[in-house]
Amino acid sequence: SDSAPTTSSGDVVTVFHDPENFNVKHPLAHTWTLWFTKPPSGKQDWNELLKEVISFNSVEEFWGIYNNITPSSELAPKSDYHLFKQGVRPEWEDPQNKHGGRWSYTFKQRQANDDIWLHVLLAAIGEQLEDDNDNEVMGVVINIRKAFYRVGLWTRSAGTKANPAKQGQPQRTPQESQAILMKIGQRFKAVLTVQDKEVIEFMGHSDSANAGSTRAKAKYSA
Amino acid sequence: DTTKNIEPAQPTAGMQSLKSARFLEIKNDQFSYPDGFKSPNPALNQTGKRVGKEYDMDFLLQFQSVFKEKPTVDWDLRVKETLGEGDSSGRQN
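These protein sequence lines are chains S and L, in that order.
Mapping of the first sequence onto the numbering used here: position 207 corresponds to residue 207, and the numbering continues sequentially without gaps.
Mapping of the second sequence onto the numbering used here: position 40 corresponds to residue 40, and the numbering continues sequentially without gaps.
Rather than coming from a laboratory, the hints here were simulated on the basis of the structure.
Just so it is clear, the structure is predicted and the values come from calculations on it, not from any experiment.
Glycine included, each C-beta is placed from N, C-alpha and C at the ideal position.
Covered, in the sense of this in silico footprint (three residues per stretch, anywhere, with C-beta under 8 Å from a C-beta of chain L), are these stretches of chain S:
1. 14-20
2. 65-73
3. 127-133
Computed cross-link-like contacts, BS3-like style, restricted to lysine-lysine with a CA-CA straight-line distance of at most 27 Å:
4. K49(L) with K189(S)
5. K68(L) with K19(L)
6. K183(S) with K49(L)
Here chain S stands alone, though its shape is the one from the complex (with noise of 0.2 Å):
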């Protein structure tokens, strides 16, 4: 392996064109960190559950950890994948979620569809959920339960007056917030494949954290 070969792209070696000796990676537009939720098998606070898994901000690395992980149609009931931008925790608690809300669909399914999930992953990491200045996606799901599944996508804001402002933008109104929330689920939902006719739903994190998720009622629907 002493000097590669020359190709017709110069010194521009992809692993498109040779998947061993590659000199250049595609950057994503954010680090993101992929945690899970590990079902509980005593009585652990769901603290200790949740562990970080690995920090990624390339296509390549993307695949690799894709690749030589557990898919999510093999997940144990209870358990969660979340990726997040880095420097945020998957938790309402965390000061960067306090007001925020998420988009979730539930798929009546005890088994995963890996596409799907694989699906969202590719949207977020790819940037097709939002647009340029939105910052509001913060991260996305997947709860793996005994009788079904959620993929869920969080955002920073849930078009309330505690409407958190990105550094050095302005602040939106609720409505502007509302209108960016509404496109996000769209988008959202056409990446799920959910049929025009289901419904998916948008909760604001306080919301549910106060009246409890099953029982807390939609904010918004696309």
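Could you slot chain L onto chain S? The hints should help.
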């Protein structure tokens, strides 16, 4: 599992390439993808601070069968420690 590694695992060529590779700059780097591979959707990546860092699904899916290297030499152990054995799934590899 009857074979136990005695020597420490060595990183593969692919792992080393991933580590040493620089970030591609779609705007400045002159190159083309090999025949049969699509570029990222040109409608993306036009403006803004995410320039060159937006990828449509079809582009990203092309990597699925191309890059399968584990992130680190101790990856399997790390996955086992983090994800555990599951409770009663009985899944073994």
